[in-house]
Every structure is written in structure tokens, then in C-alpha cells.
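Below are the chains, spelled out letter by letter.
There are 2 protein chains.
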Amino acid sequence: MKTLLIHGTVLTVNDQNDVILDGAIGFEDDRIIYVGPTPEEFKEYDRIIDAGQRTIMPGLINTHGHTAMSLLRGYADDLPLQDWLEKKMWPLEAQFTAEHVKWGTLLSIVEMLKTGTTTFVDMYDHMDTVAQMVELSGMRASLCRGVIGLCPPDVQKSKLDEASEFAQKWNGAANGRIKTMMSPHGAYTCPPDYIEKIVARAEELDLPIHIHMSETQFEVEQNIKDYGSRPVEHLEKLGVFNQPTLVAHAVHLTDEELDILARNDVKVSHNPISNLKLASGIAPVPKMLEKGICVSIGTDSSASNNNLDLFEEMKMVALLHKGVHLDPVAVPAIEALRIATRNGAKALLMDQEIGSLEVGKQADFIVVDTKQVYYQPSHDPISHVVYAGSGRDVRDVFVAGTQLVKNGQCLTLDEEYIKEQANRMFQTFNQE
Amino acid sequence: MKTLLIHGTVLTVNDQNDVILDGAIGFEDDRIIYVGPTPEEFKEYDRIIDAGQRTIMPGLINTHGHTAMSLLRGYADDLPLQDWLEKKMWPLEAQFTAEHVKWGTLLSIVEMLKTGTTTFVDMYDHMDTVAQMVELSGMRASLCRGVIGLCPPDVQKSKLDEASEFAQKWNGAANGRIKTMMSPHGAYTCPPDYIEKIVARAEELDLPIHIHMSETQFEVEQNIKDYGSRPVEHLEKLGVFNQPTLVAHAVHLTDEELDILARNDVKVSHNPISNLKLASGIAPVPKMLEKGICVSIGTDSSASNNNLDLFEEMKMVALLHKGVHLDPVAVPAIEALRIATRNGAKALLMDQEIGSLEVGKQADFIVVDTKQVYYQPSHDPISHVVYAGSGRDVRDVFVAGTQLVKNGQCLTLDEEYIKEQANRMFQTFNQE
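Quick mapping for you: the protein sequence lines, in order, are chains A and B. With this note's numbering, letter number 197 in the first sequence gets 263, and the count goes up by one each step, no holes. With this note's numbering, letter number 223 in the second sequence gets 289, and the count goes up by one each step, no holes.
Be a bit skeptical, because a hint or two may be false.
Identical copies carry no separate label here, and so any pair may be met within one copy or between two of them.
Said to hold, decoys possible - Quick list of in silico lysine to any residue cross-link-like pairs, SDA-like style, CA-CA up to 25 Å:
{"#": "1", "residue 1": "303", "residue 2": "445"}
{"#": "2", "residue 1": "153", "residue 2": "255"}
{"#": "3", "residue 1": "472", "residue 2": "482"}
{"#": "4", "residue 1": "437", "residue 2": "475"}
If you're looking for bench data, these hints aren't it; they were derived computationally from the structure.
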């Protein structure tokens, strides 16, 4: 089956950042077969869709999150971090069953799809359920069982086995839409020898690693106290970076640590909104980019954001570092767009498959309704998408050539029912 | 004519920040006559509107902007400030005619209305045209002819006369929906004696003053060089603060300057997104709030934002200061909501009339479609509106009891035609 979208403004995010006015994108099954001007004739195609001069761009890639936690959206804001975690998040998360994870994940998937995210990372528990929901939804994801090692050895072992069984079972599943990673939760929640075991398992299974790192100043200080070194050096010593690694947050880093990350090609998931909201700080993104570190963006969970709209994250990464460093040319619009698409693909080792609109890649793309008032006058499509846009303006979403959102409506999921169930699940929590 | 909106979640933003679940708001002509639970019966009303459990809240108040500049949205991003101003903004602004101002203003009004702003400040030129458009649209505004005094005395005089004629003619017009201010553009664009003349005129006409102040470090340093004092002390000496004053930006301030502002009850329009984008810096908002300074929010123009969605500004003010000061309790959600509503009303000396939903006030309110996925689970309506919301979710807008937006469609303005004309006007610019 060959489909052609015509009459769109195509942001390719290819190496030249080509923008094609009155452009078209053709795909056969799940692969892109044409990107260029709207052709004169198109009789080889089975289906023609008119984009009506709206913007066609790669689906956005969310490289860090805990999707099921959408059930806790707005549950406890504006609290000191330890109170938020210890008194609010952890007690409720301890009550999460597979059913909570199911409905929380579905709620997040609906939200992500409707705001133009086509690929996401999830680090959580009950991951079989998450993977099933990803399969069902038609989305693309890189999934990992986040492992906390503050427990007896036998529990550590069973968690690691569970994580690696999950990773093996689902890697490449759903026609390749699901990939998996191994995930020690963080240096402050996993003893060193446990991290080494997880890394060994990742090597054995040839899987990348996803880990929280240097999110707060407190975490860094604790690491020095406990292990005599800052987190980056600590993780390097433990061999983590011998595997392809994606670190989330990376807020508090010295220049030396940045060099270690660059040298090891460690990828960063920058979570600007969550880092602001939890008062963790502001990651040194301009320096990372200068050193050639691959910076992608993540929302973290909607409990600390409080939504999953990557357009907000994209605008924030373009704004925040200008203001903080008093540098109006820091992270220009095109860089922010690449961070949200191409760099996300690189961070997930999927750059050959997604992240830009190019022939041979997967047909993961979105149509943004840039005919709306927010995008007028209509002269600079990249600026408008980054600085004036919103995920709320996403109209159509395709993943692997299958349309998942049409005119703002989810096609594969029953949004109303999911919202009802998410509310019902929230009611089950004991909030004492 | 009496109207009752029923079955909404009402965020009153009254002194107690009351939230009314299954609430209602009744109004007769332009005034609120009831705020409370949805009544058992409502036969005294001529018209009943079911809010369908969506959120009813005060219209947002944008206390600083240059609405016509929406024509320059995205025209020149990511440039050093002086290049942006001198090579890009000023040459095109010099080409603005009344017709440019007309369509740029209408474009902005459509955008503001659709994203839930009911009152805005405009400091610009061709203000008669702006006022006519405000009257036509049904919106509420506080308008001023921004006066730049870097010109010969006769031109200074004619500008001041024009500004005060405009202010007199339109103050209280459009059934009181239009108020006016006097506006020396800034200490760096108006010589001291000219500022004194403008202040004298404001005193004579009993009008408040609106002025840019301490937006950039460069401006502060220049002020010290030119006049021997920082901007706040300088403006105080010139008698500006003897009139009620609203200053825009207020980014670079010492503690002493904050004290002067507090002592004189000077109101601040905080423009966080514009300040980040232009790399001006980050205003000391937590300190301002501590000192009891009235902080409201503004978008500045869409040339430096690049949209006019105050929900984005509201979220930014709640996020930014937490991250910058590493303080997770800085500017909690309710404070951000008050900044965007109640404080805006105070900043414009309209607190008796707007800013909260209370009996006797003007019926300026919006209905936000909080049944959408971004607001689930639905337990904390204030958090959700601030941290998860978007102006794109605004469904209905009422100003002075008249519905201006219904189900996302502008009722008083022809959006499609305005977008066409705004694009046409952009084409008229010589961009050499």
C-alpha cells in the first residue's frame, strides 16, 4: 500500500535541515519512499492525503519518562523534594499494580500521541503491561524495567532476572516498534556491585543502558560521600559507559565530567521542565552541545511536569539557556527541533530508522495545523513550530506508516474510556 | 438579560481562592450576580449554559505587549539583541502604517481571545486604530501611546500631545472596556526632562504610567553612565512613581531598588518568556513577592515570545523561579494563577472590576476544556490549569457578559480574513 501526503510544508530535519514548501511525503507500508515537492502526478499511489498547507515533520521523541505516573499528575505539587518523594510519590507508587500501570500508561500514550510524540522511553515497573499497551497503541518505544537495588541480594537477583527477561522478550517486538534497554535506576539507588552485574547483563544481551544521573546537587554530594567520586566518574569506573548509555537529567556536571561523557559518547536526556519544577537545577546544555554530546529531550513523568507535550519541552530548551547564560544565540530554533527529533533517534540508537523524513526511514511523522492564528504570518515554519507552537495543534500522527491520530482523534485507543479508567484508578489509592 | 453557567469547576481566585466543584456563575448584562454551587432551580435566568464539568475561571490579564508586532512573529529569531533590534525590528517597525497596526492588532486579539486573555495592555503607535479594534472585538484593554523622546523638542511636543489626546479621548470608552495610560517608552529612550513633562501630563490627566524598566544589564549600565544612577532611582527622582506606575520587565534590580518599588507601590509586569528569549535575564520574582510588590505577567510582543498564550507565561512563572533558585516551593500554582488574574487587575488599577469571579465584578471569564486528557485524573483543578494547561484548551470566552469565543470560534472577528490580511501586510515590508 502506497500513500502520498501532498501540499504540506515539510520539515525534513535531514542533514541540511531542508524545508520543502508545497512538499510531499510518500510511503509504502512502514517506509518512506518519497520526500520532495508535491509531484505533478501520483498515479502510482493507492491513497492521497491533502495536508492543506499544514506542516509535516518527524514525530517527536521523548527520551525519558515514567509513563504510568500520569495517574499522579498534580497529586502533590509545590513541595520540598524529599517531602514530595517520601511522603507523596513513593507511598502511592508502592500501591501501583499492573492495572494501575496499564491505565496510567494508556493515559500517557493518548496524551503523547495527541501532542505529536511518536517514540518514547519508559523506565518503570510492570513492563510487560507497558509493552502490551505500546503494541496495542501502534506507538514506538524503548522500554526498560527500572531496577532499584536497595534490597537483599535475592530480591536484587530476581529484579535483574525480571529486567533481562523482559528486555529479551520484547526487544524487536511489535514489528520492531519496541526496543529495550537495561536500567539501573541510579547510582544512589543501586550499590556499585549491583550496577556492575546489570552492566554485565547488558553486555551479554547487547543492550544499551538507561540511568538517572546527577539530577540534584544532593545526589552528587551523597555520591562523593558514599563512593569518593562524583556520579560520572563513579559510573565510568563501574563500566557503565562501555555500553551505549543514555543518562537522564545530567544537571550537575563539571567540565571534566562533560569530557568523560563526550569521550564515551554517552547520550543525555535533558528534562528542562521537570528539572525546574522539582528545583533540581538547569543542565549545562550549551556546553554539552559545544563538546559534541548528543542532547535529546524528555518530559520525565507527568507528576513533575505536569504534561507530556514535547513542544513545550522544545520551546523550553530553546528559551531557557538563552536566559540563563544571557546568550541570545544559544540553542537556536533549528537546534531545538533537532534535539527533539534527530538527537532523540540517536539517543535511542535508532538514527538509521527514525528522527528525520528521508527515503528509507520509517514513516513516523506528524501533521501540525500551522494554519492556525499562532503561526501567522507564515514565513518561518521552523521558528513557528518551536517558539509559537503547541502539541495541541497536532492534527495527524503516523507511526510506521499507520495513522494513529486523525484530525486530533486517536484511532487505536478509546480515549474517553481510558480517561474514565485513569480516574477510577486514582480513586483506588490510599492517600493517608 | 440574565445568564447562568452551570455545572462547572469554578476557580474564583477570590481572597480565599475558593474552588467550587459543580459550580455556577450567573451574570446580568455585564455584571456577575451569582457565584456558588449550581442551584437547584434557575427560573430567574433568561439563558442557561451547561459548562459540562469544565473549568470556569477569570479571564487572564496580559499586562505588557505591543500587539501590532505580531506581524513580525518569527521574523528574526536567535540573533544578538542589538542586531535583532537595529537590523531587524526597527527597520520594519519604521514601515508600520495604521493599516499594519490594524491587522497586526487584530491578529493578536484573535490569538489572545482564543487562548483566554480577556484584558491586555498595549503600548504602541497608531493607537486610535488599536482602540477602534479593541472596541470592535469586545475585548478589554489598557492602552497607551508609547513615546520615544530621542527627537527634536517640537517632535517631542507633538508626540506628547498625541499621547495625551489619545489617552483623554479613549479613557472609559467602549462602555468602560478601554482605559488609558501615559507611557514614556523607557529611561534609555526618553531624556529626563521629557519624562518629567510626560509625568506632569499624567498627573494633570490623572492617568497611570506604563514604562519599560531595567530589562537588560546594558540598559542599567548605560543609565548609570548617562545619569549617575540606576533606572529605579533615576525614575523615582523624576517623579514617575508619584503616579501609579506599571513597569515592564524589571529584570536587573538591587535589593534597594526593590525596596523603592515596594515603597511606591510600583506594579511589575514580569515577562519571563520574552526575557529568556532575548537573553535579558531572569527577574527576581520571589524577592518581589516577598516584599509585597504586585507582580503580574505579560507576553511582550509575539516578535520575542513568539505567541501570546498567557497559560505558557503562567506555567513559566511557576517553573522558572523554582529552578533558578533551587526552591521547589517558589511561586506555587495558586500564586501563578493569581499573578495571571488578580495581580493583573491590580496592576491596571481594575481590581474592583475584574481579576476574580465575585458578585459585583465584571463578567470576564473563560471556560477551559479540562475534560481533555491533559487534565486527568481530575483531582486538582488549580494545579492542572497552571502546570498541565494550555491556552489552546480555552473553549469559551466572555468579556463584560458578552460571549466573544464560543467552542473555540471567535464570534466578533473574522479569523480567516484577519489571517489573510496579516500575511498580506507582512508581504508589504521591505526586508532589505
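Taking 25 Å as the upper bound on the Cα-Cα distance, should residue 472 and residue 482 be classified as within, between, both, or neither? both (16 Å within a copy, 23 Å between copies)
State whether the alpha carbon distance between residue 153 and residue 255 is at most 25 Å within one copy, between copies, both, or neither. Answer is within; shortest intra-copy Cα gap is 18 Å, inter-copy 53 Å.
Go through the copies and call it for residue 303 and residue 445: within, between, both or neither, with a Cα cutoff of 25 Å. Neither: 50 Å inside a chain and 45 Å across chains, both beyond 25 Å.
How do residue 437 and residue 475 come out at 25 Å by Cα distance, when the copy is not named: within, between, both, or neither? Answer is both; intra-copy 18 Å and inter-copy 14 Å each pass.
Hint compliance for this structure: hint 1 is the single one not met.
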